[in-house]
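Participant: Just need the whole structure built from these sequences, with the hints factored in.
These protein sequence lines map, in sequence, to chains A and B. So the first sequence is numbered by numbering that gives the first Met the number 0: it starts at 0 and just counts up by one. So the second sequence is numbered by numbering that gives the first Met the number 0: it starts at 0 and just counts up by one.
I should point out that these hints are in silico values taken from the structure, not numbers from a laboratory. Small disclaimer: the values here were computed from a predicted structure and weren't measured. Hints should not be assumed to be uniformly reliable.
[To be verified] No more than 35 Å apart at the CA atoms, straight line, and that leaves these computed lysine-lysine pairs for DSBU-like:
1) B:Lys17 to A:Lys337
2) B:Lys77 to A:Lys329
3) B:Lys177 to A:Lys559
4) A:Lys500 to A:Lys101
5) A:Lys171 to B:Lys12
6) A:Lys137 to A:Lys15
7) B:Lys62 to A:Lys550
8) A:Lys337 to B:Lys12
9) A:Lys550 to B:Lys177
10) A:Lys559 to B:Lys17
11) B:Lys115 to A:Lys168
12) B:Lys77 to A:Lys137
13) A:Lys137 to B:Lys62
14) A:Lys559 to B:Lys63
15) A:Lys500 to A:Lys25
16) B:Lys12 to A:Lys325
17) A:Lys550 to B:Lys113
18) B:Lys12 to A:Lys559
19) A:Lys260 to B:Lys12
20) B:Lys113 to B:Lys156
21) A:Lys325 to B:Lys17
22) B:Lys156 to A:Lys559
23) B:Lys113 to A:Lys526
24) B:Lys77 to A:Lys559
25) B:Lys12 to A:Lys15
26) A:Lys526 to B:Lys12
27) B:Lys12 to A:Lys329
28) A:Lys559 to B:Lys115
29) A:Lys137 to B:Lys63
30) A:Lys420 to A:Lys500
31) A:Lys25 to A:Lys101
32) A:Lys137 to B:Lys12
33) B:Lys115 to A:Lys550
34) B:Lys17 to A:Lys168
35) A:Lys260 to B:Lys17
36) A:Lys101 to A:Lys171
37) A:Lys559 to A:Lys420
Single-letter residue listing:
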Amino acid sequence: MATASDFRTCPTTGLKVHSAAENLIKANAVVAVVFLAIGGLFGLLAALTRWQAVHILPADWFYLALTAHGLDALLVWIIFFEMAVLYFASAILLNSRLAAPKVGWAAFWLMLIGALVVNVAVLQGGSSVMFTSYVPMKAAPHFYLGLIVFAVGALLGCGVFFGTLVIAKEEKTYQGSIPLVTFGAVTAAVIAVFTIASGAIILIPTFLWSIGWISNIDTLMYKLVWWAMGHSSQQINVSAHVAVWYAIAALVLGAKPISEKISRVAFLFYILFLQLASAHHLLAEPGLSSEWKIFNTSYAMYLAVLGSMIHGMTVPGSIEAAQRAKGYTKGIFEWLRKAPWGNPAFSGMFMSLVMFGFIGGISGVVLGTEQINVMMHNTLYVPGHFHGTVVAGTTLAFMAITYLVVPLIFRRHIMFPGLAKIQPYLFGIGVLGLSVFMMGAGTLGVSRRHWDISFADAALSFDYPPAAFLMMTLNGISGILAALGGLAYIVVVVASVLFGKRVEGKIELGSGAGAAVAKYGSAGTLKIPGTAVLVAVFFTCFVLYYFVNWKYLSELWPMK
Amino acid sequence: MAVTPPESRVWWKEPVAKIELTWVIIAFLWGLVMFFMMIYWHVVGEQNISNEAYRIDAETFTKKTQAMVDQHTVGQRKARNSDREVPVVAPPPGSDVYLIGRLWEWWPILQLQKGKSYRLHVASVDWQHGLSLQPVNINLQVHPGYEMVTTITPRDKGEFTVVCNEYCGIGHHLMLGKILVVD
Chain A
0 MATASDFRTC PTTGLKVHSA AENLIKANAV VAVVFLAIGG LFGLLAALTR WQAVHILPAD
60 WFYLALTAHG LDALLVWIIF FEMAVLYFAS AILLNSRLAA PKVGWAAFWL MLIGALVVNV
120 AVLQGGSSVM FTSYVPMKAA PHFYLGLIVF AVGALLGCGV FFGTLVIAKE EKTYQGSIPL
180 VTFGAVTAAV IAVFTIASGA IILIPTFLWS IGWISNIDTL MYKLVWWAMG HSSQQINVSA
240 HVAVWYAIAA LVLGAKPISE KISRVAFLFY ILFLQLASAH HLLAEPGLSS EWKIFNTSYA
300 MYLAVLGSMI HGMTVPGSIE AAQRAKGYTK GIFEWLRKAP WGNPAFSGMF MSLVMFGFIG
360 GISGVVLGTE QINVMMHNTL YVPGHFHGTV VAGTTLAFMA ITYLVVPLIF RRHIMFPGLA
420 KIQPYLFGIG VLGLSVFMMG AGTLGVSRRH WDISFADAAL SFDYPPAAFL MMTLNGISGI
480 LAALGGLAYI VVVVASVLFG KRVEGKIELG SGAGAAVAKY GSAGTLKIPG TAVLVAVFFT
540 CFVLYYFVNW KYLSELWPMK
Chain B
0 MAVTPPESRV WWKEPVAKIE LTWVIIAFLW GLVMFFMMIY WHVVGEQNIS NEAYRIDAET
60 FTKKTQAMVD QHTVGQRKAR NSDREVPVVA PPPGSDVYLI GRLWEWWPIL QLQKGKSYRL
120 HVASVDWQHG LSLQPVNINL QVHPGYEMVT TITPRDKGEF TVVCNEYCGI GHHLMLGKIL
180 VVD
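Facilitator: Here's what the structure looks like:
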């Protein structure tokens, strides 16, 4: 049982902060940032190699770097940060002690050891099998083992999170229902359990196969189950970063959800339907029927997409309502113009929201359409899409909330505020370029995971159109921009955590921090015309882009 | 706020603003449109992925391909960096044509007639490969152990390239094949 001396009261938010939770948040966040740096460096090398005029790495190093980039940037950075988010959303937001901090530390060390083992396996050179490690291509046994150990750690972390929810309820540390952000974190954790179970089901046999105990793994079965982990883990990210959007809007602007009910139902749609998305990776596959593909790829009639489209209105809507309540009521967009664009937590969060919707979201639905997929499967369109979701969406949102975590949890002032101010823009524009130019190259047919699109050493000859080479150049330049943005983030965070001025007393997070704005949002009085316009623009883009792709498809060679 | 428990304890009974409800309904209906669009395309569209596939082993698939090559070879194409030659095969329209994906080539070179349909059988005999027909931009996944059969009708004439777009090891970026379409 925790004693009173294990707690401090946060002077800014008034929340009771359990020191064990705080330490775990710090440890997980620090390791996350270290792996972001490593993963980001490999990403930069990959982008510079695919820029044909630079072509910086030899082929074997390119495939190694791409494997490491996927593992570190997509898995290790994000899951470590999500552990921090889970502990924050449970123990901190609920004023509770953390359940079983020792298990939390066991989770932390298992994840760290697992991540290190996988990285060693990849750097040794015998496991350049890409993040997806499709059989029958074989990696070293400790590649799979490291992933399994990492996953076990993450599962323990989810257990600590659920345990904390139970404790908080038993000990009545909060009144009524859990906050929406915690609800979003519950969504993420539930999906995480499903994800990790799928990972265990496929990675344990694959590990046994790699040491020769199992003779054969069916390639189609592997992909089906692997992606139940691989894609679902992206849904953990979506749930987590949507929760982070709500958290930033609340902490910086005092925003309140326009409807608790609708936002929670939208999260519930994620839990119910997101797991079907394994099918997104199997649309061009033999041996699966169209009925199966259509039902699963659409999340049972796009119900999970519906969840995201709902958040796409409720998050900016809650911001608009909060801003209007503060008096920014002129015209349709004064609330947005006068938003705290100089606050990196807000600017990062809002860019994450817009780019996740317009770039990652729309492209994802189009890419996941059974027939349209045939024009995009395994082309650069795919990484273009998921850099819009995972990097512009998740990574940028996590970067944004770091600017609140450092003063609130690490209790340090942000150093180099000027650099921090431009960091989200630098990174955001870089990632926007990466996404758009990769999707452009993919539309021109350029293969993903490909060292040399000039095919210089191939027995036969082939050239992609010159426009594709231009796209790859622009992609390389965007990669440099994004890397600079990532570097700025790491410099600011590391410097602030190590050398930042200590926070004493209450701090100002934004224009409406601390106190909730006056009550608003009852069904009769809600006014969010600006959000309505934004959503209308989004919807128009979505519909147009969707049907343009059907038009392209109709020009393809007939096939059945 | 979103970081605090809901203000009203019975939040699930709060009425929903009209604008929010409208968007939920529009988004839901749009989902239905997109769902039924895929089914609709199976009825009227000409580009649908085949549902026909069989389990097959590498040896059998190689044998079937070899039989087609033995019967219908019309020429050879020399590799540009070695003495190797790849057979150019012209099976009759409407027939079964075979394409092997293997480390690191698509074999053999197929010569098809424009506007004629063929039953294209594709399988890998080793690792997974990606059949990426350029510049048409048709992309299919090719597995070892599974033979996918697609009825395909070339619409344009010319030389088309099959790129491998599933990473298949250190020679992945060397893996090419050709489909020639003639009148």
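Participant: Is the hinted pair A:Lys137 and B:Lys63 satisfied, with a Cα-Cα distance of at most 35 Å?
Facilitator: 28 Å, holds
Participant: When you check the alpha-carbon spacing of B:Lys115 and A:Lys168, does it fall within 35 Å?
Facilitator: 69 Å, violated
Participant: Checking one constraint from the list: CA of A:Lys500 to CA of A:Lys25, max 35 Å. Satisfied?
Facilitator: 17 Å, holds
Participant: Within 35 Å, alpha carbon to alpha carbon, are B:Lys113 and B:Lys156?
Facilitator: 6 Å, holds
Participant: B:Lys62 and A:Lys550 were given as a pair; does the straight-line alpha-carbon distance stay at or below 35 Å?
Facilitator: Violated. B:Lys62 to A:Lys550 sits at ~40 Å, over the 35 Å cutoff.
Participant: Given the proposed pairing of A:Lys101 with A:Lys171, does the C-alpha separation stay at or below 35 Å?
Facilitator: 23 Å, holds
Participant: Does B:Lys177 lie within 35 Å of A:Lys550 when you go C-alpha to C-alpha?
Facilitator: Satisfied, since the Cα-Cα distance of roughly 26 Å is no more than 35 Å.
Participant: Sort out whether A:Lys15 lies within 35 Å of A:Lys137, counting only the CA atoms.
Facilitator: 49 Å, violated
Participant: Holds or violated: A:Lys559 and A:Lys420, Cα atoms, limit 35 Å.
Facilitator: The hint is violated at about 53 Å.
Participant: Taking 35 Å as the top limit, are the C-alpha atoms of A:Lys337 and B:Lys12 close enough?
Facilitator: Satisfied, since the Cα-Cα distance of roughly 33 Å is no more than 35 Å.
Participant: When you check the alpha-carbon spacing of A:Lys550 and B:Lys113, does it fall within 35 Å?
Facilitator: Cα-Cα ~22 Å, so holds.
Participant: Compare the distance between the alpha carbons of A:Lys559 and B:Lys63 with 35 Å, and conclude whether the hinted pair is satisfied.
Facilitator: Between A:Lys559 and B:Lys63 the Cα gap is close to 22 Å, so the pair holds against 35 Å.
In summary, the numbered hints that this structure violates are 2, 6, 7, 10, 11, 18, 23, 32 and 37.
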